[in-house]
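Visitor: Residues per chain are reported as follows:
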Amino acid sequence: MEPVFLAGFVDGLKTLGINLPSLLAQLINFTILLILLSIFAYKPMMRMLDERRRRIQEGLEAAEQAKQSAARAEQDVQAQLERARQEGQAVIGQAQQIAARIQEEAHQQARQDAEALVDRARGEIQLERDSAIADLRREFAGLTIEAAEKVIGQSLDPKAHRRLIEEALAESTLGGDGDQPPSGSEPRS
Amino acid sequence: MKGIRLRLVIVGLIILILAGFVFLRGPTPHIQIKPETLYSFWKINITNTMITSWLVVALMIGLVFLASRRWELVPRGVQNLLEAIIEAFYNLVVSIAGENNGRRFFPAVATIFFFVLFANWFSLFPIFNVIGLGQEEEHGFVMEKVDLGPLPATYVSLSSPSQLQGQTIDKDDPEAAQKAEEERDKGNFVGEIRPFLRGVNTDLNTPLALAIMSAIFVEFWGISTLGFFAYGRKFFNLGGLLRGIRRLSPSQVFQGVVDAFVGFLELVSEMVRLISFTFRLFGNMFAGEVVILMFTFLIPLVLTLPFYGLELFVGLIQAFIFAALTLVFGMIAVAHGEPPGAEEAEAEVHKTQTTESQLVGSEQ
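Protein sequences appear in the order of chains A and B. Numbered per this note's numbering, the first sequence spans residues 1 to 189. Numbered per this note's numbering, the second sequence spans residues 1 to 364.
Careful, some of the hints might be misleading.
Here are the simulated BS3-like cross-link-like pairs (lysine-lysine), alpha carbons at most 30 angstroms apart as the crow flies [claimed, not checked]:
#1 B:K186 with B:K145
#2 B:K34 with B:K2
#3 B:K145 with B:K34
#4 B:K34 with B:K179
#5 B:K186 with A:K14
#6 A:K14 with B:K234
Beta-carbon label-pair distances, calculated as ranges [as the list claims (entries may be wrong)]:
#7 B:V78 with A:I56: 19 to 25 angstroms
#8 A:I56 with B:G12: 49 to 55 angstroms
#9 B:G12 with A:A62: 58 to 64 angstroms
#10 A:I35 with B:G227: 49 to 55 angstroms
#11 A:I56 with B:I216: 32 to 38 angstroms
#12 B:G227 with A:P44: 52 to 58 angstroms
#13 B:S276 with A:R47: 58 to 64 angstroms
#14 B:E219 with A:A62: 42 to 48 angstroms
#15 B:R184 with A:T31: 42 to 48 angstroms
#16 A:R47 with B:A19: 33 to 39 angstroms
Hints in this document: simulated from the structure, not taken from any laboratory. Note that the Cβ used here is the ideal one computed from N, Cα and C, for glycine as well.
With the hints as constraints, model all of the structure from the sequences given.
Guide: If you want it as structure tokens, here you go:
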């Protein structure tokens with residue numbers, strides 16, 4: 001039974017055109033194609049794909065790095081700008097302080113100068129007044145002496161005379177001190 | 001304007017169809033499952049499919065060689081095209097099988113794909129099936145003879161309105177011998193054509209060879225990944241049965257029988273796979289060839305074109321199916337049984353347990 005079946009099977013294969021030489025030829029064909037394609041197409045291509053992927057990866061990484069460093073630089077610049085601004089602010093503040101101080105000093109100086117000027121003026125005025133008073137007194141003494149000579153008709157010893165007047169004047173408010181209130185004191189004649 | 005042009009095109013096509021129908025009708029095609037033998041050396045018959053197959057291989061190698069003399073990082077021209085195709089297929093394989101398996105499987109799967117694809121598409125060239133060696137017989141085509149220098153040539157003359165078909169002497173015609181004699185007396189040639197080129201996959205040997213290669217690769221991947229015995233256990237799974245018998249546990253024996261039967265089914269399916277691979281490809285391509293031959297015989301012009309388009313599609317699909325099935329079977333072979341790494345995980349658990357017990361021991 002079995003050999004008949006087998007024979008039928010082989011006959012069937014033959015009818016379909018399957019035969020060992022053709023089959024082997026196709027197998028060898030395919031193997032050759034596989035080997036050659038592997039050598040000439042797949043391997044180099046896969047290697048190149050890997051290489052390309054690696055390069056793209058590298059490129060992406062480099063771009064990423066560049067981006068990061070750019071961001072860092074930006075940050076640096078920002079920080080520097082900020083610092084510069086702060087420094088500028090500080091400088092301006094200092095300058096303002098200095099200016100204020102100078103202004104203050106100038107004020108002070110001016111006030112002092114003015115005061116000194118006023119003081120001197122006051123002193124001068126005082127001196128003027130003193131000398132005016134002294135002149136007036138002298139004039140007045142001379143006038144008084146003359147008047148007294150005329151009235152008395154006799155001439156006093158001019159020295160004694162003068163001394164007398166001086167004494168009188170010393171008692172009067174015109175005596176130069178000016179501290180005493182002039183009220184109630186009339187120059188004696 | 002557009003309507004007129006469309007109408008002109010339609011009229012032209014109809015005229016073409018009619019002219020073809022009148023003048024280009026050939027003789028009744030002779031369809032044969034076996035590839036025709038062209039030459040015989042010693043005991044080996046060189047068939048036309050063998051020759052075509054060599055031609056296909058040579059062309060593919062030539063093309064690749066031309067493109068790949070220098071694989072450059074920035075591709076150009078033919079290299080660019082080939083590379084785009086191969087890369088697309090590579091990406092497909094990797095996306096199906098994963099990075100590691102994909103890389104391993106790729107050369108075989110791609111070679112199957114491109115060989116089948118190239119062979120299928122190549123066989124659509126009109127030089128296929130119509131040019132060949134004449135073989136004088138009592139039946140077959142009636143052809144006229146001409147002398148082309150040293151080579152005697154015969155050809156099928158154009159059909160005409162009076163003779164709407166190429167002359168054929170039917171094999172089953174009882175008067176075949178007589179008719180052939182008459183034609184020979186007229187100086188004509190009577191016989192079959194053995195075409196030089198015939199679609200590679202219309203010869204059962206080629207799909208069978210591809211299926212065998214595919215099976216070899218699948219088994220090879222399985223064995224090299226899982227080891228010979230682990231892979232063999234998939235088919236001869238008697239461990240559970242023996243264990244059940246030893247323990248005298250009916251349920252385990254039953255389980256073991258089921259496992260063994262499943263293994264047997266796997267083995268059978270492995271064989272059946274071979275046959276289904278073979279006949280799927282052969283059937284599709286042979287049918288395609290017959291359809292094109294018949295339509296060329298019936299309506300020589302224009303209306304055959306849709307079938308060429310169909311055959312382009314079928315050729316691609318069959319190539320893809322063959323390759324993809326190989327890939328999938330490879331993945332099944334590689335990832336069979338317990339998920340890979342289960343044993344390792346078990347070993348890991350075992351190791352941690354021992355270290356724990358050691359720790360406990362050292363503490364004591």
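Visitor: So, against the hints stated earlier in the document, which numbers end up violated here?
Guide: Of the numbered hints, 2, 5, 6, 10, 12, 13 and 16 do not hold.
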